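So the sequences go chain by chain: A and B. Note that this note's numbering gives residue 56 to position 56 of the first sequence, counting from 1, and the numbers run on in steps of one. Throughout, this note's numbering is defined as the position within the second sequence, counted from one, plus 1000.
These are computed hints drawn from the structure, not numbers from a lab. Treat the numbers as computed from the prediction; the structure is a model and nothing was measured. Just so you know, not all the hints are guaranteed correct.
[Claimed, not checked] A few chain B residues that don't get close to chain A, going by computed Cβ distances all over 10 Å:
#1 Gly1088
#2 Asn1092
#3 His1136
[Unchecked claim] Covered stretches of chain B (in silico footprint by chain A; criterion: 3 or more residues with CB under 8 Å from a CB of chain A, positions within the stretch not fixed):
#4 1009-1018
#5 1070-1079
Yeah, the Cβ is synthetic: ideal placement off N, Cα and C, and Gly gets one too.
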Amino acid sequence: MQTLLKILLRYSNFLVFIALEVAAFMLLSRNNVYPRSSILSTANSFVAWQNEQIHEINSYFHLRSMNEQLAAENAALRNQICSMDSAQTGESFHYVPAKAVEMTTDRLHNYVTINKGSKDGIQRGQGVRNEDGVVGIIRTVGPNYSVVLPIINTYTNLSCRFTKNDYIGTLQWNGKDCRFAQLADVAAHMVVNPGDTIITSGLSPVFPEGIPVGIVESSVLKEGDSYHTIRVRLHTNFKRLKYVEIVQNAAQNELEDLHHGLD
Amino acid sequence: MDWIKQIGRYIVVMLLQVLLLDQLQLWGACHPYVYILCLLMMPITLPHSVSMVIGAAVGLVMDIFCNSLGVHTAACILLMFIRPYLIGVIVNDKDRLNEQISLRAIGMEALIKYVVILVLIHHLTVFLLAAWSWAHIGFVLLETLVSSLITISLIISYNALRYK
């Protein structure tokens, strides 16, 4: 008995080591098999709180990439909607997400530069939109970047229609205020009220029908005029333009060839 | 060094570990566990069994933060078990061992040997237990090497700055 005690004392450290390791491995194997104990895991409220704080802080650093991810997802969703629509109408539009890297809003001939080019399949004449509405039309294409002629450029003409009665007009810009554009070619017999909604007409191959453009702000019909003077409040905020989508129409080249054939 | 200072250092190191190092996501293979600095530097005069219990406690707290119950506990107990034997082998001048293990107490050469061996053993144990199979042994070894390198350099630089 005494020798046994002596041996135990002599190897007590080793025995403590073995006992502790056995306990640790029991925790380890239990943890692999049974549900975790809520106190001894990150479900522990202090640890969870701490993790949540860290996550909160971290999420600020990921805002940019999350935005880009959302933009890409939006384009993908729009593509899906289009493929559903195209099954009915025979049109086929495709969306490519891009980012506006440079723009002007205070000149007569404003432009927007975006970070997609011919390498991404961008071609001159394709439409550009964002979440809110129409942005413009691709003017110049480089390998990695393109320049967009926005609707706030005095060169731009965009075919639009009223949602209420499908009446067609041409959107132009007078070079003054980037929040408003003018709708021309609306005949005097047509009744125009402030608040009427304007969308793309779908008559050109650039944009599909129904992309939001703006809302009628005011309309003036002078004595003897045969056309309204209509001021449209644009949906797109060009001062805060960031993420855009390029509208690609599979039939665009074919349609343009046909039109050239007429000339 | 008194115990208040030891505990204070433990809290600071744990904060560094949980708030900063655990958030690192470098190539998925870099998980430095600097919290063992406190265990490595504890005075060797402490009874062996007591130091193993402290190791178990420190490992358990880390496990709670990592959601890996048992992994760090087992590795830290092993670390604290080996420690006195290793010190006996690499430190010749035993006169200064009544204080904590630091650069000042055992010199640079012995400190590097001591830290490198123990960190490698600890990290290898942690990653092996966490993987829980031999199937990923290549990745486990890579993980051990990369993470140990960072842990070792952090612990040595802490000593070099604090106890030169």
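* To do: Run the C-beta distances from B:Asn1092 to all of chain A and say if the shortest one exceeds 10 Å.
  => With a cut-off of 10 Å, B:Asn1092 remains clear of chain A, as the shortest Cβ separation is near 23 Å.
* **Stated coverage of the segment 1009-1018 of chain B by chain A [criterion: 3+ residues, CB within 8 Å]** => violated (count 1)
* Asked: When you look at the beta carbon of B:Gly1088, is every beta carbon of chain A farther off than 10 Å?
  -> B:Gly1088 clear of chain A: closest Cβ-Cβ about 13 Å, beyond 10 Å.
* Is the nearest Cβ of chain A still more than 10 Å from the Cβ of B:His1136? -> Its Cβ never comes within 10 Å of chain A, the nearest being 16 Å, so this holds.
* Counting residues of the segment 1070-1079 of chain B whose CB is closer than 8 Å to a CB in chain A, do you get three or more? -> holds (count 6)
Hint 4 alone, counting from the list given before, is not met by this structure.
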